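Counting in the working numbering, the sequence shown runs from -1 upward without gaps.
If you are wondering where the hints come from, they were derived from the structure by calculation, not from laboratory data. Only a predicted model underlies this, so the values are computations on that prediction, with no experimental measurement involved. Mixed in with the good hints there might be a few duds.
Quick list of simulated restraints, FRET-style, between CB atoms [to be verified]:
| # | residue 1 | residue 2 | range |
| --- | --- | --- | --- |
| 1 | Pro94 | Met115 | 28 to 36 Å |
| 2 | Arg9 | Trp96 | 17 to 25 Å |
| 3 | Gly144 | Pro17 | 39 to 47 Å |
| 4 | Gly155 | Gly67 | 36 to 44 Å |
Just so it is clear, CB atoms sit at the ideal spot from N, CA and C, and this is done for glycine as well.
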Amino acid sequence: MFARTERLLLRPGWLEDAPALARAIGEEAVVRNLATAPWPYGEEQAQEFLSKPLDPDQPRFLIFARTGGAPRLVGGCGISPGPEDGLEMGYWIARPYWGLGFATEAGRQLVHIARAMNLPKLSAGHFLDNPASGAVLRKLGFRPTGKVAQRYSLARGGEAACALFEEGDADADSAVTPMRGRIGVDEDFREELRLMAA
């Protein structure tokens, strides 16, 4: 399964993506916000992840920025069994691409895919020391449950407090401010995107 958004391509990962995946995710500031990724994360770990069989009811994607040339790997997202009952959405973005709205754009597409597949409502969570992820979840229409649970993080080597969210009923599209509105105003930001696409 493949999906395209205005700026992104979501597709399953292939073994030949291992070097790019290791470079994109292989930074402690990224991996420590995930539950199941180890630290350090190198090409061997990327190959192991990409070799895992895909479950058609639990899609997972690498996120590529669509550029004038070859797409550039900027993150990953997917749906997997949650620690409790149900399915959980997760995502990560490589550090050079933080703050560009890629997590929101990919997450919105992932929620649309889940709805098209008639999957049950999704849950999600973020470690308390990663509030930016909570902001993304709110933009996607997820609501805080008011619960905080201790979740194990392989990269951290222990448990950390995690705020829990549940998918809301409203369409999240209206809650998202398009990044293109900022591009027309902020010339530095436009230049940054132009350089990334080159």
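Check your understanding: Do the Cβ positions of Gly155 and Gly67 conform to the proposed distance bound of 36 to 44 Å?
Key -> For Gly67 against Gly155, whose Cβ atoms are near 39 Å apart, the range 36 to 44 Å holds.
Practice item. Note whether the CB distance of Gly144 and Pro17 lies within 39 to 47 Å or breaks it. Key: 42 Å, holds
Review point. In this structure, is the beta-carbon distance linking Arg9 and Trp96 contained in 17 to 25 Å?
Key: This hint holds: roughly 22 Å between Cβ atoms.
Check your understanding: Do the beta carbons of Pro94 and Met115 sit within 28 to 36 Å of each other?
Key -> 31 Å, holds
Checked against the numbered hints above, the structure violates none of them.
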